[in-house]
Structures are given as structure tokens and as C-alpha cells.
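Colleague: Residues per chain are reported as follows:
2 protein chains.
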Amino acid sequence: MTIRYPNGKVYKPSGEVPKVLKTNKKEKNLSFSNRGKTLEDEINETNLFYLNHQIAVIHKKPVPIQIVKVEYPKRSAAVIREAYFRTASTTDYNGVWNGYYLDFEAKETESKTSFPLKNVHSHQIKHMEDVIKQQGIAFMIVRFSKLDRYFILPFQILFDAWNKMEKGGAKSIPLKVFELSSVEVSPGFNPRIDFLSAIEKLIANKE
Amino acid sequence: MTIRYPNGKVYKPSGEVPKVLKTNKKEKNLSFSNRGKTLEDEINETNLFYLNHQIAVIHKKPVPIQIVKVEYPKRSAAVIREAYFRTASTTDYNGVWNGYYLDFEAKETESKTSFPLKNVHSHQIKHMEDVIKQQGIAFMIVRFSKLDRYFILPFQILFDAWNKMEKGGAKSIPLKVFELSSVEVSPGFNPRIDFLSAIEKLIANKE
Numbered sequence: 001m002t003i004r005y006p007n008g009k010v011y012k013p014s015g016e017v018p019k020v021l022k023t024n025k026k027e028k029n030l031s032f033s034n035r036g037k038t039l040e041d042e043i044n045e046t047n048l049f050y051l052n053h054q055i056a057v058i059h060k061k062p063v064p065i066q067i068v069k070v071e072y073p074k075r076s077a078a079v080i081r082e083a084y085f086r087t088a089s090t091t092d093y094n095g096v097w098n099g100y101y102l103d104f105e106a107k108e109t110e111s112k113t114s115f116p117l118k119n120v121h122s123h124q125i126k127h128m129e130d131v132i133k134q135q136g137i138a139f140m141i142v143r144f145s146k147l148d149r150y151f152i153l154p155f156q157i158l159f160d161a162w163n164k165m166e167k168g169g170a171k172s173i174p175l176k177v178f179e180l181s182s183v184e185v186s187p188g189f190n191p192r193i194d195f196l197s198a199i200e201k202l203i204a205n206k207e
Numbered sequence: 001m002t003i004r005y006p007n008g009k010v011y012k013p014s015g016e017v018p019k020v021l022k023t024n025k026k027e028k029n030l031s032f033s034n035r036g037k038t039l040e041d042e043i044n045e046t047n048l049f050y051l052n053h054q055i056a057v058i059h060k061k062p063v064p065i066q067i068v069k070v071e072y073p074k075r076s077a078a079v080i081r082e083a084y085f086r087t088a089s090t091t092d093y094n095g096v097w098n099g100y101y102l103d104f105e106a107k108e109t110e111s112k113t114s115f116p117l118k119n120v121h122s123h124q125i126k127h128m129e130d131v132i133k134q135q136g137i138a139f140m141i142v143r144f145s146k147l148d149r150y151f152i153l154p155f156q157i158l159f160d161a162w163n164k165m166e167k168g169g170a171k172s173i174p175l176k177v178f179e180l181s182s183v184e185v186s187p188g189f190n191p192r193i194d195f196l197s198a199i200e201k202l203i204a205n206k207e
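Going down the list, the protein sequences come from chains L and C. The numbering of the first sequence is UniProt numbering, which starts it at 1 and goes up by one. The numbering of the second sequence is UniProt numbering, which starts it at 1 and goes up by one.
Do not take every clue at face value.
Stated by the list, open to error - Listed below are the simulated BS3-like cross-link pairs for lysine-lysine, each with C-alpha atoms no more than 30 Å apart in a straight line:
hint : chain 1 : residue 1 : chain 2 : residue 2
1    : L       : Lys146    : L       : Lys69
2    : C       : Lys37     : C       : Lys107
3    : L       : Lys61     : C       : Lys167
4    : C       : Lys69     : L       : Lys37
5    : C       : Lys37     : L       : Lys60
6    : L       : Lys118    : L       : Lys60
7    : L       : Lys61     : C       : Lys112
8    : C       : Lys133    : C       : Lys60
9    : C       : Lys206    : C       : Lys167
10   : C       : Lys60     : L       : Lys133
11   : C       : Lys133    : L       : Lys133
12   : L       : Lys74     : C       : Lys206
13   : L       : Lys69     : C       : Lys61
14   : C       : Lys112    : C       : Lys146
15   : L       : Lys107    : C       : Lys146
16   : C       : Lys133    : C       : Lys146
If you are wondering where the hints come from, they were derived from the structure by calculation, not from laboratory data.
In isolation and in its complexed conformation, chain L is listed as follows (with noise of 0.2 Å):
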């Protein structure tokens, strides 16, 4: 949705600038790039905003531990000294939106041209093809980090690449695949990824 001069520039309309960005003293940093942000952090901030704007109530799961050994010394909290991580049997993200289950797993490639498949599980694929068999919506939110480009993707492109690839076929997912069957999202401000209006889209396409 960005608009661009014909330099490439990009266009901002005066009177609606955000007025973190009128604050703002350095010039590079008055762009919308992530800042060295993890995708992590970006879609936590997301969530946040959607969660105190009543729009949407998505966590992230917290990350899975075999504890070991614990410690409970006299007048303090306990502590984990020994513990392991384990493998996540689901993806990292779920919540309710609007009557909607959603079920998605966030990951950012260094890549300028695919986005390559090991970086997703299979136990993550059997898990949203369960979630979709429950009439729950399930997709993953790429980034190209190079690129500064975020992209929504159906879970249904994302299967149909893995099996291709359990077959022998391509071990990534090619960025004009995303480009023709994503839905690609502008970062923002605040909210900072909206994912959820790539959501709504896939949903009218759907209907």
C-alpha cells in the first residue's frame, strides 16, 4: 500500500504523519524498517496492540522446558537449575479474533529469493492441518528480512510446498510464490505487522 514518487521515493502525506515520526531526529530511522527488531518482536508488538484495542486476544506460547532440578532457597523464589528445551508440538502463535481461531508460526529468512523449508517442522505442518480439519484458520508470517518485505501465507501454500518436497521437490518456497499467492503486508507503526487484515482478505477471497 506504499506509495511511491517516481525516484522510488517514498510519499508521505504531510498531515498524517504519526507523531512518533515528527519526534523523530534521525532520518534513516524515519522509514517504517524493522530497526533491528526480531519478527518475534514485531508480531509480540502486534499482538499487544490488537489485545488493548479489543480487536484480537493472540499469545505467543511460551517456549517448552523439560525441568530437571529445582532449588527453593528460604525467602526467595525458586530456581530452575537444571532444564532442557524441548521441541514445540504446535506453532508459536494462537488466539481468538472475531469468532476466529487462529493458528500461525512466525519466521524470517535472510534470503533475497525463497524462503527455505527447513525453517518449519513437520510436526508443525501436521499440527495446522489439524487445526484447519477444525475449521480454525491457520497460516505463517514470513519475513524477508533483506527485503524488508512481510508476507501472509495460506497454510494450504505452504502444504502443497512441503509435500512437493517430501516428494523430491523444491526445498524452498520461491518469493514470487509468495508475491502471486500470499498476502503481502506493509509494516507499520502501530499495529505494527497487520496481519489481520491479510486475514480478512484470504477470508473474503475465500467467500
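Use these hints to put chain C onto chain L, whose structure you have.
Modeller: Okay, now just chain C, sitting in the frame of chain L:
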């Protein structure tokens, strides 16, 4: 659902006894009582049954942990050496069933007469309130462990009791309120606690 002989012994139809029961030596373990399992175990078993039978996709969220120190030994898995338990900002369970977003907390009490509200945290109430506003289904599964009775308490009943308590009212919900305003579930073999049948009743009552 347990059938008993006049002497109190449990009736076991010879042809239908599940394998696990046949190999069980202790007489008192032959009923469907909770056998020392935590409610969490029982709900996890139930969710696994629902998942394997493609009835619903519901998972317990991992315990949120604040990780402070991690060691990365050569040639073996990363070890968490210092971490702390954090307070969850949501309920423990959520998922999707037949297009519905489900969100709940599971609590047990040793009391035989009422459920103490100190078992519930204000952020859980707030979270469930948010879920209801997004047209999700929020509820609480309460086990009266000493009575071996299980109730599916709709959020609205919990919310009313909570608000009364905040205004100086009772600090617990009497068993009688559960009997009148919630759906009781008899524990079974598989699924262990069939809470979805209770949710179905609650939805039918609303419509």
C-alpha cells in the same frame, strides 16, 4: 457410570474390560476414580484422545520461564542453569473445536463444599473476559478431588462470583452453585473427562 454389585464391588463385564484394567492387580484401582492422577494429567489425556480422534486440537501451554543463564556444552544439548517461574498471562489451555475457539483453566480443590476463588488469578479472569468479547468460549474445569466430581463452569458464573467477591462477597463458589449452574461430567475411561460434551450442552442451552 460405574456399575456395582450389592456388596459394593465394581461390576466388570468380562468381554469389555480394557486391557490396561485386566493387568491391574489392585482391586481398588478397577474403578474410574482418579487413581492419584492430577487433574492436569487427566485433561492432557483427554486432549490427546480428542487430538488422535480428530475431535479437537487443544493443548496445554508450557509453563512460562524467565531464562537467565544457559550453558552450551560441546557435543551435547544446551543446558539451562538459571531460570525462574513467571506468572502466566493467560489460562493454561486453549484450542479449536469444530470452528469454536476454546479457552479454559483447570483447577482442583480438596474442599468438599465449595471452590475457593483464591485458586484463580485476576489476570486469568481478565483474559477469559477478553476471549468472550472475541466470541470465544471460556470456562473452567473444576475437580472436587475428595468427591471425585468434575464440573464445567461457564465463565459467566465464575465472573459473577468474582465480581461479588471484589465487592466484599463470598470468597468461594459453593458446590450447590456448581450443581445448579454448571455441567457435571462423569469421569470415564477414554476420553477421561469428556468436557466437550458439556460444552455442547452449554451451547445448546444458549441457542
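Colleague: If a hint holds in the structure, say so; if it does not, say that too.
Modeller: Going through the hints against the structure:
The suggested pairing of L/Lys146 with L/Lys69 is violated, with an alpha-carbon distance near 41 Å, which exceeds 30 Å. Under the criterion of a C-alpha separation no larger than 30 Å, the hint pairing C/Lys37 with C/Lys107 is consistent with the structure, at around 13 Å. Using a Cα cut-off of 30 Å, the hinted pair L/Lys61 and C/Lys167 is violated, with the two alpha carbons roughly 33 Å apart. For the hint linking C/Lys69 to L/Lys37, the alpha-carbon distance of about 22 Å falls within 30 Å, and the restraint holds.
As the CA atoms of C/Lys37 and L/Lys60 are separated by approximately 29 Å, the hinted pair is consistent with the 30 Å bound. Restraint check for L/Lys118 and L/Lys60: the C-alpha separation of about 21 Å stays at or below 30 Å, so the hint holds. With a C-alpha separation of about 34 Å, the suggested pair L/Lys61 and C/Lys112 falls outside the 30 Å cut-off, and the hint is violated. The suggested pairing of C/Lys133 with C/Lys60 holds, with an alpha-carbon distance near 22 Å, which does not exceed 30 Å.
Simply put, C/Lys206 and C/Lys167 have alpha-carbon atoms about 28 Å apart, close enough for the 30 Å limit, and the pair holds. The straight-line distance between the Cα atoms of C/Lys60 and L/Lys133 is roughly 19 Å, inside the 30 Å bound, and the hint therefore holds. Between the alpha carbons of C/Lys133 and L/Lys133 the distance comes to roughly 24 Å, so the proposed pair stays at or under 30 Å and holds. Taking the CA atoms of L/Lys74 and C/Lys206, the gap is about 50 Å. The hint is violated against a cut of 30 Å.
The suggested pairing of L/Lys69 with C/Lys61 holds, with an alpha-carbon distance near 20 Å, which does not exceed 30 Å. Our distance criterion of 30 Å between C-alpha atoms is met by C/Lys112 and C/Lys146, whose separation comes to about 6 Å. A C-alpha spacing of about 47 Å is found between L/Lys107 and C/Lys146, which places the hinted pair above 30 Å, so the restraint is violated. A hinted pair counts as satisfied when its Cα atoms are at most 30 Å apart, and C/Lys133 with C/Lys146 does not qualify at roughly 35 Å.
Violated hints, in rising order: 1, 3, 7, 12, 15, 16; the structure is consistent with all others.
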